[in-house]
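Given the coordinates of chain A, assemble chain B onto it according to the supplied hints.
2 protein chains.
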Amino acid sequence: MSALPDDELLAWAYLARVAEPPAASVIALTAELGPVDAAAAIRARSVPAAHHAVLAVTQARADTDVAAADLDSAERVGARLVTPADAEWPGFALLALDQADTAAKGGEPLALWVRGPARLDDLVTSAIAIVGSRAASAYGEHVTGMLASGVAQAGCAVISGGAFGIDGAAHRAVVAAGGVTAAAMACGIDRDYPAAHTTLLREVARTGAVISEYPPGTGAAKHRFLTRNRLVAALSEATVVVEAGRRSGAANTAAWARKLGRPLGAVPGPVTSATSVGCHRMIADELAVLVGDVDGVLALAHPEGKAERGSGRVRVTDALDADQCRVHDAFPARGVVSLDEIAYTSGLAVSVVRTALAVLEVRGLVDGDGARWQLSG
Amino acid sequence: MSALPDDELLAWAYLARVAEPPAASVIALTAELGPVDAAAAIRARSVPAAHHAVLAVTQARADTDVAAADLDSAERVGARLVTPADAEWPGFALLALDQADTAAKGGEPLALWVRGPARLDDLVTSAIAIVGSRAASAYGEHVTGMLASGVAQAGCAVISGGAFGIDGAAHRAVVAAGGVTAAAMACGIDRDYPAAHTTLLREVARTGAVISEYPPGTGAAKHRFLTRNRLVAALSEATVVVEAGRRSGAANTAAWARKLGRPLGAVPGPVTSATSVGCHRMIADELAVLVGDVDGVLALAHPEGKAERGSGRVRVTDALDADQCRVHDAFPARGVVSLDEIAYTSGLAVSVVRTALAVLEVRGLVDGDGARWQLSG
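Those protein sequences? They're chains A and B, same order as listed.
Okay, so the first sequence: first residue is 0 according to numbering that gives the first Met the number 0, each after it adds one.
Okay, so the second sequence: first residue is 0 according to numbering that gives the first Met the number 0, each after it adds one.
Okay, chain A solo, but in the shape it has when bound:
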């Protein structure tokens, strides 16, 4: 599961539970002492003077060490604990800037429980958050499905909060489109909250990721939704709010996206619909850009243009085999090349290139007439 030594992994699991996230003081202590010594110091109630703040936030749970049980629970549902010591840890520098602001549920996550094959570092460079009201309208769910499947087809992952309404519609559409979707949860990754989303979350975990900074078994609670919202924003390149009422958790996620300097879009709807009031407010107040279609959503994340979209982690190429990848990589960004040029650049036999090109063409990645080929625009 993890590349870390057992003692370190157990220490991280202990630290991930000992204080209610976000716990900037525990992160700071761990950064200074390392996870094993930080955990020992908290257990012993003996921390360096500069880290005195750790004692208060860990007081209630310091003596309860269920780290091994947490790791077992995670493993049972196919989840892993991803820590700053892991290669896929994306860093949350922008959240860290905010770590004093605990009232706003800010600060970095100490570690993240992740259930599913998607890597966190891949998500942060390709994902778009699509969020909105639990009490979504039929219009909102329809538009969510349209946008989410379009984003997935464009090779971007879709992150949401796993909730009823817009979140669920976003995850469902991506799963149906065969794309990658991730759900950031306000409860443990083993909890399947809401219960009616058990099957959906299992699908999300099968192909993407269910993510939580809360230890297994943790129940959803109001403050955890707010804390979770910052992860949705932090794990994505841009955030789109499809529907949001006057007071809405989605507005909180949107606020996080702005705070992190990430592009924020909002989808308009009928002015007669209570579930669009929040979106209209964000647009009117120039906090969000009006987006109404897939191109608009993609342009939020990649304003430089279509050709650059998802260039870092083009998901559609993930399904290619090694030869197909080499052939794809052999194409120039612009311009037309011959079969022989591709063979030369890729170092593959012409017959292998020809077979690979047929696959790439079927997948819509390249266009050609048999003699001259180019990347699909």
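Hints listed in this document are in silico derivations from the structure and should not be mistaken for laboratory results.
You can trust all of the hints, since none of them are fake.
Cβ pair distances, simulated, as ranges:
hint, chain 1, residue 1, chain 2, residue 2, range
1, B, Asp-339, A, Asp-328, 55 to 63 Å
2, A, Asp-320, B, Glu-285, 41 to 49 Å
3, B, Thr-271, A, Arg-333, 31 to 39 Å
Here are some of the chain A residues that sit facing chain B, going by a computed Cβ distance under 7 Å:
hint, residue
4, Ala-59
5, Tyr-138
6, Val-142
7, Ala-220
8, Gly-268
9, His-279
Since we're looking at a predicted model, the values are computed, not measured.
Ideal placement from N, C-alpha and C gives every residue a C-beta, glycine not left out.
Frame of chain A, contents of chain B only:
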């Protein structure tokens, strides 16, 4: 009808027909010579050298003098000719700045035929233009009615173009609300175009005004709609577009509002609706402000009197600080818990929990006897 001497009024009526509006050169000649001498000069095909341009634009109609007949036709439908010599003439200084721009149908009107009791100078200081697609959706007509009657109830006049769709819905709503509405026409004020709006336009004229710069009997023509649109914008303090397709006359009125530096609002709608595409475009391009209710429309015209946005119902937990929220969230929906259990669940120190519980108890959110606590029923 008019306070002007007959010869002057006849001269204005002649000048109003002798060139297709807008006719900046005729206005300039009239300003220099006065209406009677200007009309005589045009009839005689003898104008000062500086006004040579007048000859070309008046060549076709110079010999046709039906001024008396036009004034009779107007009087028959209860209309008057309002000229810069009348007290109610509002001045169109902003349009005048544009008078060279005849290709864009710009420039001041020379005079206006007005049918109805509303005074032009009153309109320009109180009116809001509400315009939109002829091919309006049921949603668009509904929202138009809501906004137009609200604006009327707030004591503002509503100007529109008398057309099918949004324009008609705006006029109808104001008439029904007992307010003042004015229709700027692309045909003569005696023409009732479109024919299906004959009754509606008669109602508009009875309580407000039907306005045209075209002489009685003039038929509607495509270029006249564009010319008319600038009057809708110029006669109002602010313009609101309720629905507009990708290519729309309403977008032209909107462009005029912007050109004149008048506030422009656009109403969002479903992103799945073709009749909202133009509005969304204007909002996304920051050409128009998103407006969704009567307050928003009124605030466009009078930002200083912007009503405080309703904050909605205040929840009792809104006033809690972060720790108090966490403690509140730590309670199960039903059942009794101990102080230690709350401390564990919330991750807060016992002393912090105790303080928070005291606040929650005072606010009536929880009940307890010091040892056992539960949410207030």
